[in-house]
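Place chain Z on chain E using the hints.
As you go down the protein sequences, you meet chains E and Z in turn.
Using the numbering used here, read the first sequence as starting at 1 and increasing by one per residue.
Using the numbering used here, read the second sequence as starting at 1 and increasing by one per residue.
One thing to keep in mind: the hints can contain errors.
Stated by the list, open to error - Here are the computed distance ranges between Cβ atoms for each label pair:
#1 Z:L41 x E:L38: 38 to 44 Å
#2 Z:P88 x E:W41: 48 to 54 Å
#3 E:K56 x Z:G89: 49 to 55 Å
#4 Z:R137 x E:A28: 32 to 38 Å
#5 Z:L134 x E:A64: 31 to 37 Å
No wet-lab data here; the hints were simulated from the structure.
Cβ atoms here follow ideal geometry from the backbone N, Cα and C, with glycine treated the same way.
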Amino acid sequence: MTKLFALRRWLAAWAVHLRVGDGLVLAAALVFCVVSALSLWQGGRPDKAIIKAGGKVFAEVDLAAPRMLEVPGPLGTTRIEIQPGRARVAADPGPRQYCVRQGWLVSAGAVAICAPNQVSLALSGRHADYDSLNY
Amino acid sequence: MPTMTPSTTEIRITPTADDHRVARHAAAAIVLTVAEAAIPLPLPGVKPGLANIVILVVLARWGWREAAWVALLRVFVGSLVLGQFLAPGFFLSLAGSLASLAVLGAAMHLPRRWFGPVSHSVLAAFAHIGGQLLVARLWLVPHDGVFYLVPVFALAATLFGLVNGLVAARLLEAEGAKPTP
Chain E
1 MTKLFALRRW
11 LAAWAVHLRV
21 GDGLVLAAAL
31 VFCVVSALSL
41 WQGGRPDKAI
51 IKAGGKVFAE
61 VDLAAPRMLE
71 VPGPLGTTRI
81 EIQPGRARVA
91 ADPGPRQYCV
101 RQGWLVSAGA
111 VAICAPNQVS
121 LALSGRHADY
131 DSLNY
Chain Z
1 MPTMTPSTTE
11 IRITPTADDH
21 RVARHAAAAI
31 VLTVAEAAIP
41 LPLPGVKPGL
51 ANIVILVVLA
61 RWGWREAAWV
71 ALLRVFVGSL
81 VLGQFLAPGF
91 FLSLAGSLAS
101 LAVLGAAMHL
111 PRRWFGPVSH
121 SVLAAFAHIG
131 GQLLVARLWL
141 VPHDGVFYLV
151 PVFALAATLF
161 GLVNGLVAAR
171 LLEAEGAKPT
181 P
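Next comes chain Z alone, as it looks inside the complex:
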């Protein structure tokens, strides 16, 4: 009878403070994603994208790397929670997220004096619809008909980009007032 010996391949994970912070922010973003899924919306693809508020705040306070972690964790976990993982909606969401992260990476270097979270938010929202439409056109609906709704998506991106950006700016202001955790 073999004796019980401790595994030699045991992996010890010691999460750092950074990991905890990413997890906390990702959790907040996932909650917003799930809550948002309950809101009935007239058109598929037109969503407020409330989770992006969290990503904007993380971007401004902790930088792009951490924002990317939060954004991608949100896409993966959010889709798992909603039962959308690897469904078409998941890939659209992933493409939108990657595109908006790329744009945010560039937009965050715009002069802070003139361009605030609202700029970041609107630009990221446009990148999001751009990424989604690209995947939709190349893979899901290989027909130019998908572009018929571009004006609607663009208007939604402008509107929700503005609102999310304003909320993020206000949260950043409120956070700046109290000492960092």
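Pulled out of the complex, with its shape left as it was, chain E reads as follows:
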């Protein structure tokens, strides 16, 4: 208890030197930190889904509103589900279901490929994360 009191006294001794404007400047500085972090560190957030069928772009969909897409392929129809900020292959006629089991794609650059039905779903953003690098 005395320790806590001493700490408060110590802090108060420093706080004497803070004036009203200093508080404002500090608040503005912290707001700048938060705003810059939010705006600069969301590069991986996707804003568009690109759906290809048979190697050609079938649709480019904005990731703003939820919707369902039916993409025809040689084996049947692949169903793609779009929700705000994410997308997935909901159903696919392929035998092994790899693209369905990948689940929701949430970051820019993520890809789900349903090879047997020749359908792919890719997310793109302003700053896509790398999906591969080579020299």
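Chain Z alone, transformed into the frame defined by chain E:
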């Protein structure tokens, strides 16, 4: 054989009391710069900037001109001592110093009643990272990737700006209590 004659171009330098004071403060700032270089830090560019305490005190007591002398002497001599003179780090440091001096020149005219050394310190710290990032972006890393670390630098500027400003305010208070040297 030529006879020895006294040089006709001899320059006599008689330092004034002002010069001595600038030298003293610059020496203190340089010591802090060198001491700080020994502190291991996780990120390049994130430094407490302890020497700025001296500059804030000089600014408040002796004005902008003298603070500029101390700040620039610190950058030049500090980099010479650390072997960084004309290395990229030197130019970053110089750009940061010039930017923060410019901002301090404006900030010192804010009403004293509301804005103390802490305001000056935080604003100067932000100007410092601004100047450094500008030079880094234009010259060293010509890619927008340098701005990725802005939030980290901004947080460091806020934190160290606050601490340095508080220390400067306390030193000014202590100095104000005793008669001026």
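Going down the list of hints, with the structure as the test:
For L41 of chain Z paired with L38 of chain E, a C-beta distance near 25 Å fails the hint of 38 to 44 Å. Checked against the given bound of 48 to 54 Å, the beta carbons of P88 of chain Z and W41 of chain E, roughly 26 Å apart, lie outside it. Evaluation of the 49 to 55 Å hint for K56 of chain E and G89 of chain Z yields a pass: the beta carbon distance comes to about 52 Å. In this structure the supplied range 32 to 38 Å is violated for R137 of chain Z paired with A28 of chain E, their Cβ-Cβ distance being about 23 Å.
The hint said 31 to 37 Å for the Cβ distance between L134 of chain Z and A64 of chain E, and at roughly 35 Å that hint holds.
Going through the hint list in order, the structure does not satisfy hints 1, 2, 4.
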